[in-house]
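There are 2 protein chains.
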Amino acid sequence: MSESPGIARIRGVLSPVVTPFDAELRPDASRFVRHCRWLLDQGVGLAVFGTNSEANSLSVAEKIALLQRLVDAGLPPERMMPGTGCCAFSDSVELTRAAVRLGCAGVLMLPPFYYKGVPDEGLFRSYAKIIERVGDSRLRVYLYHIPPVSQVPISLALIERLLRDYPGTIAGIKDSSGDWSNTRAMLERFQPQGFDVFAGSETFLLATLRGGGAGCITATGNVNPAPIARLAREWGAWEISEADRRQAALDALRAAFQQFPMIPALKAAIAHYGADPGWVTVRPPLVELDDAQRRTLTRTLDNMRFSMPGLAS
Amino acid sequence: MSESPGIARIRGVLSPVVTPFDAELRPDASRFVRHCRWLLDQGVGLAVFGTNSEANSLSVAEKIALLQRLVDAGLPPERMMPGTGCCAFSDSVELTRAAVRLGCAGVLMLPPFYYKGVPDEGLFRSYAKIIERVGDSRLRVYLYHIPPVSQVPISLALIERLLRDYPGTIAGIKDSSGDWSNTRAMLERFQPQGFDVFAGSETFLLATLRGGGAGCITATGNVNPAPIARLAREWGAWEISEADRRQAALDALRAAFQQFPMIPALKAAIAHYGADPGWVTVRPPLVELDDAQRRTLTRTLDNMRFSMPGLAS
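Residue numbers (the working numbering), protein chains in the order written: chain A, 1 to 313; chain B, 1001 to 1313.
Treat each hint with caution, since some may be false.
Claimed, not checked - Not everything, but these chain B residues come out facing chain A in the computed CB check (under 8 Å):
1) D1022
2) E1062
3) I1064
4) F1113
5) G1122
6) I1240
7) S1241
Everything labelled a hint here was simulated from the structure, so no lab data went into it. We put the beta carbon where it would ideally sit given N, CA and C, even for glycine.
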């Protein structure tokens, strides 16, 4: 492990923070800061600008302004892992540079995702050249493997090559493939080298932790942060059956959201349980839940005795 | 047709102009202007910032600067259809606004392409809100249907709805589905309403023209512009068999390029036949052809008596 001594790696549970918009579809920085603060209080880190953040519907300038607002508001950058991988090479360099300058613990980096079927050599060059352009020893890159959405997978061979050439800088991965055999292969081959494997949702959280992984980065961290964070923190002290029972409870809550498109459903829940209707707004190409969907969601959640303690101010 | 009188629509053959980069991977505006001028001289229009332009590897600022350079160099914006559809809503608005301000004939607009499986309602809102934000009666939007790459298709129902709500502004489509039945359906249903259908390559050029379509926007327009433009201009005056023979010759030339990844192959040909080796550079995640591939390509092309007259200065 070539990690610099004294730099604590970010671990545990992170939330890809949903991004609030005002009626004009501008990012709403005040609501964003408030939600991030609540998430930190609940024990999860801030993977701002993830897929569930509608990050790819935001410009680089909008993302840098939001990140700056979080830091200006006194939120700890050592609990932040902003998504900085864009289609355009120049955008990824600019956004990654800003994240490092602001002291973020790491960045979660999608491969360039417009061109499909590109060779590993091209993806290697993309990561390598971004790292070299940013040129800062504080940079910690977490690869973002989400083939169902990006359609550009990150192979084990690519990870091996990046780890060999950029040890320490290549710090881990979020595996949103939904394929446990892939996560397990990464845990076995790369986690022992200090390459932190995060499951792409809490579905594989316990399995990932048992396999020596770092935690998870999960959409539902926006709405159910404390129970997910608690599993990650305390599972080792519990009986196996107790840990399994807690995992099953997390799975059931997630399933309630998965009845609907995830991002609009997360925002509907925050709007409802936070008594803040403006939260439902999404940017195109997404569409907010309709009234009937919202009622079904909240009825399901109420029946599960779901709550978001401390969210409504 | 609600087109304003006096505004001539762009038609015929357009080239998604390949974007040159210098050794530092910066866009090379001088080479870009030179290539665009050559393309215009050969009779094709400029669909700058298309898929084959590596447009999605360029930032919005880089694209606006390149477009400004073309106009500053005296190239006619009425022969330009820049690609302006980005992932991020705010980026698409900014780039489209710049294109309209510079007087471009139209814009070729990808749907937002990160989020997959989004409803038509979300895509409708995306186009509608961009059109409303740009708020300029000169705007002509050409939809860009390229599901093999974007993975976000533009359905016939979506076109119908957009045409109804934004007649005149919704000006046409580039159909890069590779599915002739889809192109034919558009020609039958929408071309009579003044919705100009461009084939996504010269493969379906003659069929599109025979079906009443507007032309094609094709990668190989970068290297074989004059013969493709000539077919579009003169096919109606030729015997059917002569037109078919010319189409077959275009197909054979295209096949030579399709042995390799298209963008690196186009750049290799321009570098070779233009005696300008710097042209081979691509941005990640693409990879330039290796020496053996370049030799195979140029040998194939030489055997076909291929040339790029007037390219080498």
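Hints and how they fare:
1. D1022: Cβ of D1022 of chain B sits 13 Å from chain A, so the hint is violated.
2. E1062: 6 Å, holds
3. I1064: 13 Å, violated
4. F1113: 7 Å, holds
5. G1122: 4 Å, holds
6. I1240: At about 37 Å, which exceeds the 8 Å cut-off, the nearest Cβ of chain A leaves the hint on I1240 of chain B violated.
7. S1241: 37 Å, violated
Comparing the model with each numbered hint stated earlier shows that hints 1, 3, 6, 7 do not hold.
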